[in-house]
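4 protein chains.
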Amino acid sequence: MKNTFGSSLETTIFGESHGDYIGAVLDGLPSGLDVDGDFISAQLSRRRPSGKISTARVEADEYKIVSGVFEGKTTGTPLCILIPNENRKSGDYSRGLPRPGHADYTGYVKYHGFEDHRGGGHFSGRLTAALVAAGAVVIPALRSCGINIGTHIARLHGVSDAGFSADIASEVRALSEMDFAVLDNDAGERMRREAEAAADAGDSVGGVLETAVTGVPAGIGEPWFDTLEGVLSHMLFSIPAVKGVEFGLGFAIADLFGSEANDAFTVTDGKITTATNNNGGINGGISNGMPILFRCAVKPTPSIYKPQMTVSLPDGEPTELLLHGRHDPAIVHRARVVVDSVTALVLADMLAVRYGTDWTSSVCAL
Amino acid sequence: MKNTFGSSLETTIFGESHGDYIGAVLDGLPSGLDVDGDFISAQLSRRRPSGKISTARVEADEYKIVSGVFEGKTTGTPLCILIPNENRKSGDYSRGLPRPGHADYTGYVKYHGFEDHRGGGHFSGRLTAALVAAGAVVIPALRSCGINIGTHIARLHGVSDAGFSADIASEVRALSEMDFAVLDNDAGERMRREAEAAADAGDSVGGVLETAVTGVPAGIGEPWFDTLEGVLSHMLFSIPAVKGVEFGLGFAIADLFGSEANDAFTVTDGKITTATNNNGGINGGISNGMPILFRCAVKPTPSIYKPQMTVSLPDGEPTELLLHGRHDPAIVHRARVVVDSVTALVLADMLAVRYGTDWTSSVCAL
Amino acid sequence: MKNTFGSSLETTIFGESHGDYIGAVLDGLPSGLDVDGDFISAQLSRRRPSGKISTARVEADEYKIVSGVFEGKTTGTPLCILIPNENRKSGDYSRGLPRPGHADYTGYVKYHGFEDHRGGGHFSGRLTAALVAAGAVVIPALRSCGINIGTHIARLHGVSDAGFSADIASEVRALSEMDFAVLDNDAGERMRREAEAAADAGDSVGGVLETAVTGVPAGIGEPWFDTLEGVLSHMLFSIPAVKGVEFGLGFAIADLFGSEANDAFTVTDGKITTATNNNGGINGGISNGMPILFRCAVKPTPSIYKPQMTVSLPDGEPTELLLHGRHDPAIVHRARVVVDSVTALVLADMLAVRYGTDWTSSVCAL
Amino acid sequence: MKNTFGSSLETTIFGESHGDYIGAVLDGLPSGLDVDGDFISAQLSRRRPSGKISTARVEADEYKIVSGVFEGKTTGTPLCILIPNENRKSGDYSRGLPRPGHADYTGYVKYHGFEDHRGGGHFSGRLTAALVAAGAVVIPALRSCGINIGTHIARLHGVSDAGFSADIASEVRALSEMDFAVLDNDAGERMRREAEAAADAGDSVGGVLETAVTGVPAGIGEPWFDTLEGVLSHMLFSIPAVKGVEFGLGFAIADLFGSEANDAFTVTDGKITTATNNNGGINGGISNGMPILFRCAVKPTPSIYKPQMTVSLPDGEPTELLLHGRHDPAIVHRARVVVDSVTALVLADMLAVRYGTDWTSSVCAL
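Chains as they are written, first to last, in our numbering: chain A, 3 to 368; chain B, 3 to 368; chain C, 3 to 368; chain D, 3 to 368.
What the hints contain is simulated information worked out from the structure, not anything from laboratory work. Just so we're clear, the structure is a prediction, and the values are computed from it rather than from any experiment. It is possible that part of the hints are untrue.
Which copy is meant is left open, so a pair is good if it fits within one copy or across any two.
As the list claims (entries may be wrong) - In silico EDC-like cross-links for lysine to aspartate or glutamate, where the CA-CA straight-line distance does not exceed 16 Å: (1) Lys75 x Asp360; (2) Lys308 x Glu262; (3) Lys75 x Asp36; (4) Lys273 x Asp317; (5) Lys75 x Asp40; (6) Lys273 x Glu319; (7) Lys66 x Asp40; (8) Lys66 x Asp22; (9) Lys75 x Asp38; (10) Lys66 x Asp38.
From just these sequences and the hints, can you work out the full model?
Here it is, written out as structure tokens:
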């Protein structure tokens, strides 16, 4: 499937960091969805770098929808979004010295040197703007059916945020509108200082993103192989820099006894729920009606201003590399918008598989 | 895709815990592969429960290949493996009281009460025997091309094994033939005692599995969305009880500086390598020629002999549940065979996509 | 996708003519469908050879469902059907002399001589029994929603049957229960004599099958690329010997003026219909609510008892070949059951894509 | 899959007749292919209407490749081609009166009235320009490996062209560069006059296209379900107006004896060939090395200037409809470029499945 993902709702992306456009095609949308241009802009804006802890390359992201929308609503046929690459400085990128931690070397091997190497080319995090725009088409549809997605920076280079509280539903909604999404603003401040210190040192930092999705009906996902965990992780690992994905307690559950890990069933307001949510709202690969909870490990941005050892291509000579150009000392705060977006795309697809092409009417009626 | 996974090499599984057979269909194999019946049996035996820390339900697993093999070699057409379910005690399972931590409740919602509830039905870990048999068809082909997969129990309820050493290639080969796969036998003994103590208490334990794959050529995987991490995690999360997957340093990489996390390129024996392997052999979703490294979090087996709260179906009455029957106090040591198997199936598929249906000749020639 | 077809409802087949079993896996069925064993047997019986114009190899086709059915109903998880191959005479097949019109040569090239060559191996029409059994699981579900499929032998070696009349709905139901399905019994008698004469001459005959599907709701199919015509033809061409597929007037429409070919819209009993049905119930790839009409060209069975020229493998020596063994002088009457079956599988899949996994309730309510 | 087709090489299309752009994304191309802009333009030009027998709407088709090409060669990452819609007269289209023979009614049912109805919207033949552009990227790669595709107008409203001769290889190459592709120029002249007469009468005509592909290596295709016939027909039926597809002798083979239909194997210039090619180069769904031969029935263009009956939407009142605007009295001569293009896309995909992502080097070396 490569650059196309999904079964009933398919997302295709294309583009390179320094090409004319990046873009996405969304195929299999219900017809008649309102397309909220302001929301798409707002989401692109939240993903966009700003301030000292982001790259100095800032794009207006004047996206353009060239198909699939008519009179402000989805037609049900493929929706193509184009985003121009305007602020390009290709001269910053020289060929032949693969940057450690980047895909330069693996891209070279895979594409035999024909890849567009400028700024990471097709591997660039720039393409996540297309995913964010695509996600912004379906997020309002999910919300209208009571499904909300929120992600916070649970950790940034050793600084931890607060966790979700009992009022997770409100927190999720609030997070989705924040620029630097944390539950504890003091922790957020310490995180920013941590990232700025790294920037001052010519270095970079990573972090952990924690996501909650409320309102997903029970029964979504498959036992094999399209478990909710499996399909979500498939897309989440596409986000550059994600190196780990865990659901519920994740790796911490491995040290518990079964009697501690199991989530007892109970009844709340006449609805079957679980007393705890150690399994992150998923049993046997299928949603159980509790909030879906997962965390993504985001590695520190590989572009740093310190000298690094690499090997010249194609001759294979060990060489010291010193990067110039514009880079992010931290991307975890921007990546959270991408996490929300791919989560929305995955859920919309899985709802469409279960409830059919016109899933919104069925899901809203649940 | 549901119960079928893969692009060029497709694996389909079917069956229920208490049906006549479970099985798998492997479609897209190269023709002419030797099918090693003894190896298939040995792999099934390694997955099979034994001793105090496994369920008392032991199956002979007398698998039968009913298509796709002729005169001892693969034909290239679909290979179907059947494994009979012989040791069934369906009377142990009563309907209507979903077991916490299991898929009983989500299965009930998804399938409207028509699911085969006995022993977890189609959700049962029993189906991993079919995956192990399928994996055992391709593992020898991978080995013949120099690709080896090894998994050890990195952690069991708080007891940690040693890590991989510089001699990872030998360790990988040794692990693949062990019944209780650890690098440090003393740690292994402590793990067994930990599991036995849980069994004595009517409880269960989980753990972490760490896998290394050596010999994967550089250039396997896609930038979007079929990253090596994404495709592997998709299948790994199908293994019941897996709740987290991380590559390289995984979640630990989030606390490093970029200058610590990046793997510098160097040259070893005339071949481009990396000086460290924090990224687990994968850059930008694509293998870089270093060992592929990942870890899976395995939750404690949800079947325990302690009273648990649940809710009766369909009436929704809170009820205490006390399980009987035969259950595993730990499955992590058995799950490692499944991890190896699905890893083999994913790699064989990705190699087939890159090198074509007859990938073994191309890969062996690299 | 190879041996797996479908998007939401997936059909996988496996097996060889002279292996232990052939079979099919149906994944993505709604749960709770009644599985009618007698109907499956009846359909297999209709496909089974009988009389002078069929092969002398007759199988009992004692199929066995080994998963996906519980207490007589579908569970919603994969349903695997096995059909044993009992009446095997492998000695009849010698290797190395590819039979003209068969897949022996192309199979040899594709699978490098490792294919199971006995009786056509995986290419054998024997595998259509698995498709018929799979189709027999979904046909009753379609019928319960008012969708009926009927196929008649429109032509057999120059003898033409009558066409569908205004009472197409009754004709479709009647055809589906016939052994030698024709609308005009006299034409049927002439067809049988034609086939018997060919059998006496050691030769074989082909024909044309015409299918009508009534009750398909408007709106099924996609503009690109999953048109109803495209998806149906994809599966229909899998049926061995099918060399042409046409919808509505098909090739004959090419000689009309647009003013003759267009189907004017009108209203019948308060429902929008077309005054003619030259387009076979499909406009722009999507069903319009009229009967779906198509025809398949079935070539004469390639196995004949006359001497034919071939080339020995692998040496490439021109050689005369004289076939022995048991062969069908005509398969067109048997193939019609396969056409009905794959049509049912395609429609069930497309309805599941549009209306969701539990499509029967939505479709019945239309 | 809807608007995405292919397994290893995937083609996605998007756009509407009166939107800003139509376009295609090609994913899975080998890297390093020369992209011949002049050839793309030439192919678009051959598809473009001209003269009295085509629509008066002529587009410059100033396509733009916005990704996947770097320094004149494919990068191996998704190639997106955009084609602007410049010559739009949306006022010509009024809503609510579905045109007979078009997809207006079925689109309305499927998309609930939210579809872009102008000029057929997403159903418009205009989108075939995107397929032609996509095909023009892979045709040179196929040619470089000795694979040539040629299509002629075998029949136009009762006027037949000559058939392929023994010198089919030269004919195929010549056809691919013609504007009105026929083997017999006199027949071509009669066809043009036939189409012009229809145009004068406000009517339209259809025809039959016959295609030959030379140089396809033996062994391409699958026994089930991805037969070469099945996959090709799937895409061919996407071309608007195609209502029938037949391979080799097609429907005519149904009236032959097996002894007449079978293609005897022989040896020509040291290579295994068949003495006749009644099966169109395909046995058991797999290419046998002979030219691939097939025919497509193209119905007369549904847009005519004669009054037709239709039913108003949504109220369902029978109404007379008289079309205005710009329409083609014949499209068969333009459709042949589309047939070549989708054939190229299908073959490139199937070669990539068999020989891997970098299939050109393997195929050229055969």
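### Query
What are the numbers of the hints the structure violates, in ascending order?
none
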